[in-house]
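Trainee: Make the complex out of the two chains shown on their own, each in a separate frame, by following the hints.
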Amino acid sequence: MTGRSPDDQEHDHERDHDHDHECDYQDDAAIVGQSLESPEIFALLYDRHAADIHRYAARRLGDGAADDITADTFLTAFRVRARFDTTHHSARPWLYGIAANLIGKQRRKELRGLRALARTGRDPVAESWVERSDSRVTAQASQAALAGAVAALSGGDRHVLLLVAWADFSYQEVADALSIPIGTVRSRLNRARRKVRTALGDNDPTRVTDVAEAMTHG
Amino acid sequence: MDETQFVRDLRAGAPLPDRTRLAPGRRRLLDEATSGGLMSRLRGLRSDWRTAAVGAVAAMTAAALSATLLVGGGDPAAEESLLSGRAPAGSAAEVLRTAALMVGDDPVPAPRADQWIYVRERYYDVVREEKPAGLVAQPDVNYHPLGEKKYLVPKPDGIPRDQAEEWIPYADQDAERSRTDQKYSAREIFRFLADLPDDPKAILDEVRAFYPANPPENPETPDEHAFRALGLLAVQQPVPHPQGLAKIYRTLATIPGIRASRVVDLTGREALAISRAESGGPPGHVRAYLLRPSTGLPVGQRWTADADGSYTEGEYGDGTPAADTPTTTWKKGDVLVERVRLEGALVDKDHERP
Numbered sequence: 001m002t003g004r005s006p007d008d009q010e011h012d013h014e015r016d017h018d019h020d021h022e023c024d025y026q027d028d029a030a031i032v033g034q035s036l037e038s039p040e041i042f043a044l045l046y047d048r049h050a051a052d053i054h055r056y057a058a059r060r061l062g063d064g065a066a067d068d069i070t071a072d073t074f075l076t077a078f079r080v081r082a083r084f085d086t087t088h089h090s091a092r093p094w095l096y097g098i099a100a101n102l103i104g105k106q107r108r109k110e111l112r113g114l115r116a117l118a119r120t121g122r123d124p125v126a127e128s129w130v131e132r133s134d135s136r137v138t139a140q141a142s143q144a145a146l147a148g149a150v151a152a153l154s155g156g157d158r159h160v161l162l163l164v165a166w167a168d169f170s171y172q173e174v175a176d177a178l179s180i181p182i183g184t185v186r187s188r189l190n191r192a193r194r195k196v197r198t199a200l201g202d203n204d205p206t207r208v209t210d211v212a213e214a215m216t217h218g
Numbered sequence: 001m002d003e004t005q006f007v008r009d010l011r012a013g014a015p016l017p018d019r020t021r022l023a024p025g026r027r028r029l030l031d032e033a034t035s036g037g038l039m040s041r042l043r044g045l046r047s048d049w050r051t052a053a054v055g056a057v058a059a060m061t062a063a064a065l066s067a068t069l070l071v072g073g074g075d076p077a078a079e080e081s082l083l084s085g086r087a088p089a090g091s092a093a094e095v096l097r098t099a100a101l102m103v104g105d106d107p108v109p110a111p112r113a114d115q116w117i118y119v120r121e122r123y124y125d126v127v128r129e130e131k132p133a134g135l136v137a138q139p140d141v142n143y144h145p146l147g148e149k150k151y152l153v154p155k156p157d158g159i160p161r162d163q164a165e166e167w168i169p170y171a172d173q174d175a176e177r178s179r180t181d182q183k184y185s186a187r188e189i190f191r192f193l194a195d196l197p198d199d200p201k202a203i204l205d206e207v208r209a210f211y212p213a214n215p216p217e218n219p220e221t222p223d224e225h226a227f228r229a230l231g232l233l234a235v236q237q238p239v240p241h242p243q244g245l246a247k248i249y250r251t252l253a254t255i256p257g258i259r260a261s262r263v264v265d266l267t268g269r270e271a272l273a274i275s276r277a278e279s280g281g282p283p284g285h286v287r288a289y290l291l292r293p294s295t296g297l298p299v300g301q302r303w304t305a306d307a308d309g310s311y312t313e314g315e316y317g318d319g320t321p322a323a324d325t326p327t328t329t330w331k332k333g334d335v336l337v338e339r340v341r342l343e344g345a346l347v348d349k350d351h352e353r354p
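So the protein sequences, as listed, match chains A and B. Residue numbers for the first sequence follow this note's numbering, so the first one is 1 and each next one is one higher. Residue numbers for the second sequence follow this note's numbering, so the first one is 1 and each next one is one higher.
Hints are computed from structural coordinates only; laboratory data are not their basis. Please note: incorrect hints may appear among the correct ones.
Ranges between beta-carbon positions, derived for each pair [stated by the list, open to error]:
id	chain 1	residue 1	chain 2	residue 2	range
1	B	Val347	A	Arg107	42 to 52 Å
2	A	Gly183	B	Gly333	24 to 34 Å
3	A	His89	B	Ala194	51 to 61 Å
Facing chain A, according to a computed beta carbon distance under 7 Å, are these residues of chain B, among others [to be verified]:
id	residue
4	Phe6
5	Arg8
6	Pro17
7	Thr20
8	Gly25
9	Arg26
10	Glu32
11	Ala33
Covered stretches of chain A (chain B as the covering partner; in silico rule of three or more C-beta atoms under 8 Å from a C-beta of chain B) [said to hold, decoys possible]:
id	segment
12	45-51
13	56-69
14	74-82
15	121-127
16	140-152
17	163-177
18	189-198
Using N, Cα and C, we set each Cβ at its ideal position, and we do this for glycine too.
Bound conformation, chain B alone (with noise of 0.2 Å):
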């Protein structure tokens, strides 16, 4: 045997990922060539993909909804008065506190091993946009004939490029059998919102333990990790366990700095933003998770911009200077990122629709 053969026998045994393994990063390559990628720029949203388990990344924006048809979240013309109307939102912890007593009764769904959940999402990029989150619904999105046939894809005349739709294995088990920190399927995370203690320092710690702080080169503080690791368990888990989700909004109830708005979202539909400013580096944003006035439930994300700025695409990973891209600028209080469900379900099989 020759010295090379020695070296291609070297860690032969390294296996081919499948699709499943790769979908996160054909996700983000998506993002990217859909929305201008402003989203993975964002400081923390990096770990937040990571957060998401392998084949259930869409879950990040669109668990919620799935929520919305398995919980029901009561009877939405009672709670109309409970956060619904003109009044100012109050604050953010009597908003929470509000939202734990709507969907704390909610039945417990019983997710099947072998259930898909489909989700159907919108999202907006400021980078990729030139109006402030878009209100203009454009439901038909269609194949792309190039694409794998789970990802939908912008037609080719460019409208719309804002939504996608997926579908995510609720007992994923490459994800379960991960060993990388913050790799969950959708049924880890049902099992983990179930089995969560009643007091919320005590759901501070395991929710922190579950959803590690960011690495040294993307600092945050223990506030803004908190705020992170809680509203991705409010907003992430695709199948939610409603008691677990009354305790995470109770816990979030707890964490300073919190602020509640009504905003409109990219739907057009009325929306409570729970927000908090991050301190990080450029651009300074505030991450706000937008819950269903009716229902109390989270339907999506909003990275809102707390200063001017702008973007230009710089240099990437090789050390090569970009193709041109032109220079993209917001104001302070501008939408730079929304992502809103539109639809979710259980379904039996991989590729159904509801």
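Just chain A, with the same shape it has in the complex (with noise of 0.2 Å):
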């Protein structure tokens, strides 16, 4: 289960398809290096990733915010891409870490969001993405819930549930992202699911399955 709708997977696929015509690269950090020499070559990077950072920034903050926190991502990238680690041939997590870095400026506006669906059920964040002749959004209790328990989780443990499970990341994946050691990864990712499950109304808030990782790696 990795928790992409088919529509994701048939834009992977598109995009596979079309990495198969465009370049000799064979990963981000190959694109990353020779874009010191050729800084236009970075835009590759922006057609392989800018989507699933776009549709991560929207799941956050919204439709409209999702715009600048893509572009601002990528910008940053670019500016400092002579310190990427070139060892990493993802550079996922560095994007995302940026994302995340300029994500976590706008934490009032998550919280306002998360806030919003937890008290009245409706959720202004998935309205922005939904026409609004289609009426407000409304959740199921256990969304409300959620949003409550995830709005009152620290900066940090939400960034690390929500790599977790909107990004599909790895534990290794959301350190390096995060740039924080994988101890604390697993430390705040049991932190933030025991306090879900208790807002879901787990009565047993210490029973945390290590789920999460093996769902990820198979």
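Mentor: Below is the structure:
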């Protein structure tokens, strides 16, 4: 179970297909390295990852904010690309880390959305990608409770939880993205999941299985 | 269902954006990559980009060339005496009213909803250039093998680094569905111009509502806002409505503080610059809209330094210092950024050239 919709997978397939034709570069690190000599090549990284980061940002802050978060993520990455660790083949953790930093700067906006959902059952963030004519987006009671729990997390815990759940990151990728030890990732994720479980009505908040990593890594 | 799955299901309906939606961000990145990005750092330009319709970003600077081909601008030879020549430009208001007369009786184009606007533009950014507003024409550009086909990028040898072309859907559906302020398709802008009232004050009210003022963190005075918004409507619309453009010119003529001057643009051609200093923070600059004297049509934008200055890459969004970048210096009066259209036309298909 990856948590990705068929549309997502189709999109991935299209992008993979595009890549077959567009470059000799096998991994992101090669692109970043080459972009130091030919800066415009960095656009290829945008083509690979911008859609996913946009969707991630939209889920956290709303559809409108996602445009700026995505653009600023890549502009920032481009400007600091000289310090990208090219031993990492994928730039995803690096890019999501920058995006998380930018999203974190809009913490109040994110919390407003989550708390509105928790309080009213209406999700203003989901409404941002649903036509107004479709009326308000209402959530199940469990989602409202979940939103309240996510809002109550610390910023660091929330980053970890949502990178695992929404970006399908492994523990190591989360550690790379947030520049924290993998042990910290585990402890943050366990704490976040415990609070979420409690909010969802589980009467044994100490029972936390390590299924997230298992699901992420098969 | 475990709690992680509950989290995964939360807001799982968020859509993946398509390429058109992502195009403005890609364009900003390429602008940064190929020109140093000074444009995006100039005060107010960020909101300028936001005004561009999704997929129509290049229209900010490239649209008016479409106008050249679509509207015609009357008989250039007959109009030479109106705005061209060696005489001083005259007052900005006079220039704008004359330009309004030149374009106001042009026939109204009738683009189809399924058409595309092809634009090719040239740009200059002082951060990535050693010489001010170079006049050397380098028309040969090539596709970068790695990039998306619709974007031209410089050759590996770095020449030229000043051109790009793009195809913009005339009736961009994403832009027209967008609920975000200031995202409009070319068709929406065309219709807005077509429906403008006659009274300049009423026009100003409508234009200010169409392109709202900058947010508080990037303040602008009411006159700066009016000059920016009116100028964008003049320069940006991919297919100008001639009578609407004339109304915009006449309203621009009422804005205090505007000046007119004769300049040579990035392509080496004569242009009339309608300018107004902006009072924002560094780098201080003068924003100008460039009109072609022979047609009265807008062909681009220019930002000029209003004081000596310099720029060194600083900290960025994640709080980390930038990579090594030399300091760029400029003198008062130097061109900081300029974008001029080279070619533009309506075409029937994406990636079709005129």
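Trainee: Please verify that hint: Arg8/B, Cβ, nearest Cβ of chain A, below 7 Å or not.
Mentor: OK, holds: Arg8/B within 7 Å of chain A, min 4 Å.
Trainee: How about Phe6/B: closest beta carbon in chain A under 7 Å, or not?
Mentor: holds (5 Å)
Trainee: Indicate whether the distance between the beta carbons of Gly183/A and Gly333/B respects the range 24 to 34 Å.
Mentor: violated (59 Å)
Trainee: Apply the coverage criterion to the segment 189-198 of chain A and chain B: a residue qualifies when its Cβ sits closer than 8 Å to a Cβ of the chain, and three qualifying residues are needed.
Mentor: Our answer is that it holds, as 3 residues pass the Cβ test (under 8 Å) against chain B, meeting three.
Trainee: Regarding the hint that Arg26/B lies at the interface with chain A, is the smallest CB-CB distance below 7 Å?
Mentor: holds (5 Å)
Trainee: Taking beta carbons only, do three or more residues of the segment 56-69 of chain A come closer than 8 Å to chain B?
Mentor: n = 6 at 8 Å, threshold three: holds.
Trainee: Would you check chain B against the segment 74-82 of chain A, counting CB to CB pairs closer than 8 Å, and say if three or more residues qualify?
Mentor: Contact hint for the segment 74-82 of chain A vs chain B: holds, 8 residues under 8 Å.
Trainee: Quick one: are His89/A and Ala194/B within 51 to 61 Å, going by C-beta?
Mentor: holds (53 Å)
Trainee: Given Pro17/B as an interface hint, is the shortest Cβ-Cβ distance to chain A below 7 Å?
Mentor: holds (5 Å)
Trainee: Under 7 Å, Cβ to Cβ, is where Ala33/B needs to be relative to chain A, so tell me if that hint holds or is violated.
Mentor: Ala33/B check passes; min Cβ-Cβ to chain A is 4 Å, inside 7 Å.
Trainee: Does the CB of Thr20/B sit less than 7 Å away from some CB of chain A?
Mentor: Because about 12 Å separates Thr20/B from the closest Cβ in chain A, which is outside the 7 Å limit, the hint is violated.
Trainee: Taking beta carbons only, do three or more residues of the segment 121-127 of chain A come closer than 8 Å to chain B?
Mentor: holds (count 3)
In this structure, the hints that do not hold are numbers 2, 7, in rising order.
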